[in-house]
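Colleague: For reference, the chains in residue letters:
There are 2 protein chains.
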Amino acid sequence: MKWSKTGVKTLKEVPADTALPSHALLVRGGFIKKLTSGIFTYGPFMVRAIHKFENIVREELNKKNCVEILMPMVQPTELWRQSERLHIYGDLLQKMKNRTGQEFCLGPTHEEVISNYIKNNINSYRDLPFCLYQIQNKFRDEIRPRFGLMRAREFIMKDAYSFDLNEEQAKESYKKMESVYQAIFSRLDIPFRAVKADSGEIGGDLSEEFHILAEHGEDELLFTDSFAANKEICPDVKPGDKGPDNQVLRSCRGIEVGHIFYLGDKYSKKMKLHYLDQQGNKQTVKMGCYGIGITRTIQAVVEHSHDKNGIIWPKAIAPFLVHICLLDPEDQKTRDLANHLYQSLCKKGIDTFLDDRDEKPGVKFKDADLLGFPLRINLGTRDRIKNLVELVTRPTGKREKVPIASALEKILSFFYTKPV
Amino acid sequence: MKWSKTGVKTLKEVPADTALPSHALLVRGGFIKKLTSGIFTYGPFMVRAIHKFENIVREELNKKNCVEILMPMVQPTELWRQSERLHIYGDLLQKMKNRTGQEFCLGPTHEEVISNYIKNNINSYRDLPFCLYQIQNKFRDEIRPRFGLMRAREFIMKDAYSFDLNEEQAKESYKKMESVYQAIFSRLDIPFRAVKADSGEIGGDLSEEFHILAEHGEDELLFTDSFAANKEICPDVKPGDKGPDNQVLRSCRGIEVGHIFYLGDKYSKKMKLHYLDQQGNKQTVKMGCYGIGITRTIQAVVEHSHDKNGIIWPKAIAPFLVHICLLDPEDQKTRDLANHLYQSLCKKGIDTFLDDRDEKPGVKFKDADLLGFPLRINLGTRDRIKNLVELVTRPTGKREKVPIASALEKILSFFYTKPV
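Chains A and B supply the protein sequences, listed in that same order. Going by the numbering used here, the first residue of the first sequence is number 1, and it counts up by one from there. Going by the numbering used here, the first residue of the second sequence is number 1001, and it counts up by one from there.
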């Protein structure tokens, strides 16, 4: 991708309504742009980070035989009456009437719809177990949208739903999903922690949250080496007290990015999800549900991983791996070299961004730090004449001049243990 | 993917409310399931076809330096007042109020939002041209939703918007997009036709529709070797008349799947999209917009490509390329062979589906024809003992028994010109 084709402009100043560094950086870098309170357009860089994280989520879920579907965003409100959640959600549920007066709402979660979807497909014990998921735009009419994507009204979620024969099998599914979540968040290369949690509006009697650790995280987490919980489920306990394992509790702050729930028959009973067992007796399906805030996770990563100059993307979800700063766009030979390197990297499958704007080097360097892609290549005429390019590593700021002839190999070795 | 993990059940009977074969087949095969009028859940197979087509669209757009973003589905109604389209769209525009009484609507198209998004990023002639697109869930409150995904209320669209300095440059962008559309639809390997068209609610003074040809298509198209138009723009002309090139007009039916518009300053004027030219004079940006109905295209492909037994997917968007029918799931050795072949094909990057259900061969054969993946492999104990498997080509029904030892190579050669 070339900057001149993106329509992106960065902002020098911290926007007024941004309380968190991650929110400010995402706005300043053109990753997100507010349309109205709690509703954002995702710019070209953000879309790439979203797709990369979505694909990590997909890969890990598919490995465990979870199957992707896609449910509607617009749902008949009637389903929420049936599940008796209409009043629990209250105004968070965005309602509307269509031209014939039928009542609909925008789905903030899909327990009702998936129960309805799957109902006629489960008749016998032979039809179970399975686990379906979707990655989807969701909506909650938050009272006070804030912190950018952290508490947005429109946001992207991965939500999964497991359907099992009995409690034992359902708890296996829950454990399996716990390990999938461990695998997903490990790939981000950012510290995270699974903690015991409150089930909130979703309900059920067993639940765990996944938090990305961040200094200004919304939640306080209490933990020892073998135990961890969100402080909200043990308000009278404090750091320094003993945990259930008799070790001293420590504390850190986190941003909730995932939540897994064992639901049992909480929804399946109300939504009449039954099957016939081997003896021909009617049984109620046992469910679990499992969420990951896709857009929220991306901002949480930025909240954990930035410095005063900008974002520091982990490679796994960096919108681009390489950022080429073409420093003298008016010099034909330098421009040709930049384009050549850009093409070569793209061909090698390295996601590369070329800053081809007609801007001063200082502007380009500042913007490269702000956008925070892992490896920057400075390509100017003075260096070119000496047959050199400069590599700058974003996390460390380390600079190195390398001969043009070996630049490609050097860059590839930055992303692969063995050069390709 | 293994059938037992999908939660999919097929239907033997044609559902009551399906007027088109494609609609009936998609419902019967579990590709789509109605939640309520005009609103569908996409099942596991459908999601894969959607992703494949989306990626074709992305690849061809990215090749031409179009850049992907993602705008919100929920839009302030105020923007539609500004563009003076609120009354033109009328009840098609699904409106709602949030908890504070602010008016919103669900986006059926995004000219307003993208103008708002891009406004502050265009100051100078140096900021142009560029072209942005998104692939997104959209909503129109249709009076009479019908024909499945053909006229659904919730649907997936690719919408692109070009921003240019002047009419000449904008018409180049329009021509470029025309060639992108040719490339996209060519990859489906299904006959299609670009025709002159009416601009409808979108407006602008130059537009072309792309139609997939189908016997029961909604639109009548008139064409010669060098000219083609939707009959709705020339209602008094009929097949047999002379076209503008003086050749005899023929007629066929089509399903509109794409539409490109040159907009000029129709929206940019109202949305105040201006830039300063080289002389420092204020100019109005020239726009174009370009849609492809993603879910509609997929049904149109099915409408064109099916027989009495089911769907016949073109390879480009087939949910799976290979469908393994495990005929004796209770036989351990046959099951092992099926799993081995399944794993081998997956490793080779061939999207493979394994029917591992405990069902009779006849049921599995019927379902395989209904789902319509390009190549079926019948794997039964009788053949296994003779070291054979049977390959069945969906489009032709051609059957061939091949030795197990050479089956993998044979299957791969079906999908690649040269065996891998």
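Keep in mind the hints are simulated off the structure, nothing from the lab. Any given hint could turn out to be false.
[To be verified] Restraint-style ranges between C-beta atoms, simulated for each label pair:
| # | chain 1 | residue 1 | chain 2 | residue 2 | range |
| --- | --- | --- | --- | --- | --- |
| 1 | B | K1347 | A | N55 | 53 to 63 Å |
| 2 | B | L1011 | A | T77 | 24 to 34 Å |
| 3 | B | R1081 | A | G200 | 56 to 66 Å |
| 4 | A | C234 | B | K1347 | 41 to 51 Å |
| 5 | A | N166 | B | R1081 | 53 to 63 Å |
| 6 | A | N166 | B | S1179 | 50 to 60 Å |
| 7 | B | D1358 | A | K282 | 15 to 25 Å |
| 8 | A | T77 | B | D1358 | 51 to 61 Å |
| 9 | B | D1358 | A | N166 | 13 to 23 Å |
| 10 | A | D91 | B | I1088 | 45 to 55 Å |
| 11 | B | L1206 | A | K9 | 54 to 64 Å |
| 12 | A | N281 | B | T1077 | 19 to 29 Å |
| 13 | B | S1037 | A | N166 | 29 to 39 Å |
| 14 | B | S1037 | A | K270 | 16 to 26 Å |
[What the hints assert, rightly or not] Dumping the calculated DMTMM-like pairs for lysine to aspartate or glutamate here, alpha-carbon to alpha-carbon at most 25 Å:
| # | chain 1 | residue 1 | chain 2 | residue 2 |
| --- | --- | --- | --- | --- |
| 15 | A | K360 | A | D331 |
| 16 | B | K1097 | A | E178 |
| 17 | A | K95 | B | E1142 |
| 18 | A | K64 | B | D1356 |
| 19 | A | K64 | A | E232 |
| 20 | A | K2 | A | D241 |
| 21 | B | K1175 | B | E1142 |
| 22 | B | K1095 | A | E178 |
| 23 | A | K119 | B | D1356 |
| 24 | B | K1282 | B | E1060 |
| 25 | A | K347 | B | E1060 |
| 26 | A | K34 | B | E1103 |
| 27 | A | K52 | B | D1219 |
| 28 | A | K231 | A | D198 |
The structure displayed is predicted, hence computed values, not measured ones. Backbone N, C-alpha and C define an ideal beta-carbon position, used for all residues, glycine too.
Colleague: Checked against the structure, which of the hints given earlier come out wrong?
Modeller: 1, 3, 8, 10, 11, 12, 16, 19, 20, 21, 22, 24 and 27
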